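Colleague: Can you make the complete structure from the sequences, with help from the hints?
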Amino acid sequence: MATHVISKEPLEPQVVETPNETDWTKPQALAIPKEGYFKAEQGRYGPMFPRTPACHGFTIIAKIKPGTEGEIRQYGKKLENALAGAPHVLAPLQLHYLRWVLFDVGQDKYFMYQGIFDTDFDKYTEDAVALFTQTGINTIFEKLEGFPSDWRTNVPAFIKFLREHQCPSFLEYGEYPYVTAVEIKKALKLKRAFSDMLDQMQ
Amino acid sequence: MLEVDDIQHFLLTRTPALAARYEFLTFRKSAAGRAWLAGLIDKVGTGKSVGSASPDSRWVTLAFTWNGLRALGVDEVSLETFPEEFRQGMAARAEIIGATGANHPDQWVGELASPALHAVAVLFARDVGERERCKKEHDRYLSRIGDVDVLSGLDLEAIHPGEPREHFGYRDRLSHPVIEGTGEEAPPGSPPPIKAGEFFLGYLDEGSSRPVMPQPEILSRNGSYLAYLRLQEHVGAFRDFLRQHAQTLDEQELLAAKLMGRWRSGAPLVLAPQKDDPALGVDLQRTNNFDYGKMDPYGYGCPVGAHIRRMNPRDTADNMQRRQMVRRGGTYGSLLAEDAPEDGAERGIAAFIGCASLIRQFEFAMNVWVNDPRFKDLGNERDPFVGTQDGTFDMTIPKRPVRKKIKGLPAFTTIRGGAYFFLPGIRALRLLAAGAPALVQKPRKVS
Numbered sequence: 000m001a002t003h004v005i006s007k008e009p010l011e012p013q014v015v016e017t018p019n020e021t022d023w024t025k026p027q028a029l030a031i032p033k034e035g036y037f038k039a040e041q042g043r044y045g046p047m048f049p050r051t052p053a054c055h056g057f058t059i060i061a062k063i064k065p066g067t068e069g070e071i072r073q074y075g076k077k078l079e080n081a082l083a084g085a086p087h088v089l090a091p092l093q094l095h096y097l098r099w100v101l102f103d104v105g106q107d108k109y110f111m112y113q114g115i116f117d118t119d120f121d122k123y124t125e126d127a128v129a130l131f132t133q134t135g136i137n138t139i140f141e142k143l144e145g146f147p148s149d150w151r152t153n154v155p156a157f158i159k160f161l162r163e164h165q166c167p168s169f170l171e172y173g174e175y176p177y178v179t180a181v182e183i184k185k186a187l188k189l190k191r192a193f194s195d196m197l198d199q200m201q
Numbered sequence: 000m001l002e003v004d005d006i007q008h009f010l011l012t013r014t015p016a017l018a019a020r021y022e023f024l025t026f027r028k029s030a031a032g033r034a035w036l037a038g039l040i041d042k043v044g045t046g047k048s049v050g051s052a053s054p055d056s057r058w059v060t061l062a063f064t065w066n067g068l069r070a071l072g073v074d075e076v077s078l079e080t081f082p083e084e085f086r087q088g089m090a091a092r093a094e095i096i097g098a099t100g101a102n103h104p105d106q107w108v109g110e111l112a113s114p115a116l117h118a119v120a121v122l123f124a125r126d127v128g129e130r131e132r133c134k135k136e137h138d139r140y141l142s143r144i145g146d147v148d149v150l151s152g153l154d155l156e157a158i159h160p161g162e163p164r165e166h167f168g169y170r171d172r173l174s175h176p177v178i179e180g181t182g183e184e185a186p187p188g189s190p191p192p193i194k195a196g197e198f199f200l201g202y203l204d205e206g207s208s209r210p211v212m213p214q215p216e217i218l219s220r221n222g223s224y225l226a227y228l229r230l231q232e233h234v235g236a237f238r239d240f241l242r243q244h245a246q247t248l249d250e251q252e253l254l255a256a257k258l259m260g261r262w263r264s265g266a267p268l269v270l271a272p273q274k275d276d277p278a279l280g281v282d283l284q285r286t287n288n289f290d291y292g293k294m295d296p297y298g299y300g301c302p303v304g305a306h307i308r309r310m311n312p313r314d315t316a317d318n319m320q321r322r323q324m325v326r327r328g329g330t331y332g333s334l335l336a337e338d339a340p341e342d343g344a345e346r347g348i349a350a351f352i353g354c355a356s357l358i359r360q361f362e363f364a365m366n367v368w369v370n371d372p373r374f375k376d377l378g379n380e381r382d383p384f385v386g387t388q389d390g391t392f393d394m395t396i397p398k399r400p401v402r403k404k405i406k407g408l409p410a411f412t413t414i415r416g417g418a419y420f421f422l423p424g425i426r427a428l429r430l431l432a433a434g435a436p437a438l439v440q441k442p443r444k445v446s
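So the sequence lines, in the order shown, correspond to chains A and B.
Numbering that gives the first Met the number 0 numbers the first residue of the first sequence as 0 and each following residue consecutively.
Numbering that gives the first Met the number 0 numbers the first residue of the second sequence as 0 and each following residue consecutively.
None of these hints come from the bench; they were simulated from the model.
Be aware that a few hints might be false.
What the hints assert, rightly or not - Result set (EDC-like, lysine to aspartate or glutamate): computed pairs, CA atoms no more than 16 Å apart in a straight line:
id : chain 1 : residue 1 : chain 2 : residue 2
1  : B       : Lys375    : A       : Asp117
2  : B       : Lys293    : B       : Asp314
3  : A       : Lys122    : B       : Glu94
Note that this is a predicted model, so its numbers are computed, not measured.
Modeller: In structure tokens, the structure reads:
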């Protein structure tokens, strides 16, 4: 049985100076500096994070209030049902995927909310907060330590919380880099149309 | 219920003014600033006193920068309760709104980027004669008060007295948000009246909430924020561009319309895609009665990157009711005759954009709609008129059978200055004039 030799030295991240955003056939990785961006660019609510081969995204990590794990988990089912009833409600965020995770650090329980999408979060941040409110995602946020109690009337405080708990990636990878959800859906639609056509030609 | 007797008229009423004067001021002493203000409050028109049937011939508006509120004696605890974007001011946030390169605050005129800028007195006048009279009166008033200096001023006047047009020749003031509670009816095709909280502090907004206000509330209630922009228009460059990219006069007119989304008459391309229709342009019952999603989804009439489609994507953007703003202002500088070469004189538009949240409304529009090259998947475009253009962006004009793409759009405008102001209500103006200790109040506890 062949074995792989794993180098003891950490791999040097390859910084892609000019990412090729047009060639989806060539998988790409992008190592990101500690700050989360290559060039300091001022967004409305803070620094702008770059688009990577894995598109835009965020990873929000926060400690939950003790004893709220059950309520948070229950909320997963509620959100599943809400989205079944209104499947396009999150469309404005141009999402690929959202992931909600609970995990332990010592005695404490932490919550991670990770999203991959095609819009720049800083640009559409108020739309996101409005949707969090509309779909009730904020009821999870209310279980997080440090979440502003006046979030309903203080959107900037809500956004500040998200920003303060965002952990930028240090490496992101895309098997089909920079492809948007819209492009994927277009390709699948085309595939279905061809498939239907072939079925009818039989 | 809108407290129209406490709200400055500026964002509520469009006056029949054909001339204006903006005076940008600094208070060398707090007491002088307060004395100046105290003597002017009674001249400030309210939403109640100023109406279209009003016999007035001049209308005064007063607004303050964050530094100006401090100079008037507002205490630090209260100052800290104002939103961060207002505290920082436009110059500090220039990159966000695209004021870079030739538009950078280092290049601004009139000391608008200076922390010494404390206030603006906006005077709208029925005509130039009345404006000149008021200017002299204000000069005399300032010399009596002392220690309040004019940093700079700007004269504005209508360049086409018969109709509102700007220097490129486009008809202006064709659409504006209708504010709930004013009694005004939204014309066909316009969004329903917008909740007052989108423009004035202390009211329910389109998010069904009453956002936290700067403290004490008496200082901020019935107030609004204003973003001021002085935008130079390069008329010679614009006309050269049209001649360079279109052969006949008709083709030049069509190209001008494609950049704007409306013909210079005001007729929208969605309703008049082939040929100008001046009667449609001036008919306020018809000129906004269109959408993009159903009537022109691919932009064959109005390109997706055209100015009016970026600044008001109508049915093709989310949360539109939360992005509305009121614009007040006009043209400055002389008209460049149609057949005259560029004379190098500065001319343009100088306007105040009013809203309840600079970051959510004004900065969003500048950052996303105007300057995001990926807006609506366009890829490499910015607003052809207001976007930060440096010759590296394009303009796509969808056309059958093949689209037209103009590469390397030149800058038709340059930001020559800007600032953020707070436009207080009348009670708040009196409070500011009275000074501390009236202004000292503990902020609301935010946990």
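Colleague: Compare the structure with each hint and give your call.
Modeller: Results for each hint:
no.: 1; hint: B/Lys375 with A/Asp117; result: holds (12 Å)
no.: 2; hint: B/Lys293 with B/Asp314; result: holds (9 Å)
no.: 3; hint: A/Lys122 with B/Glu94; result: holds (14 Å)
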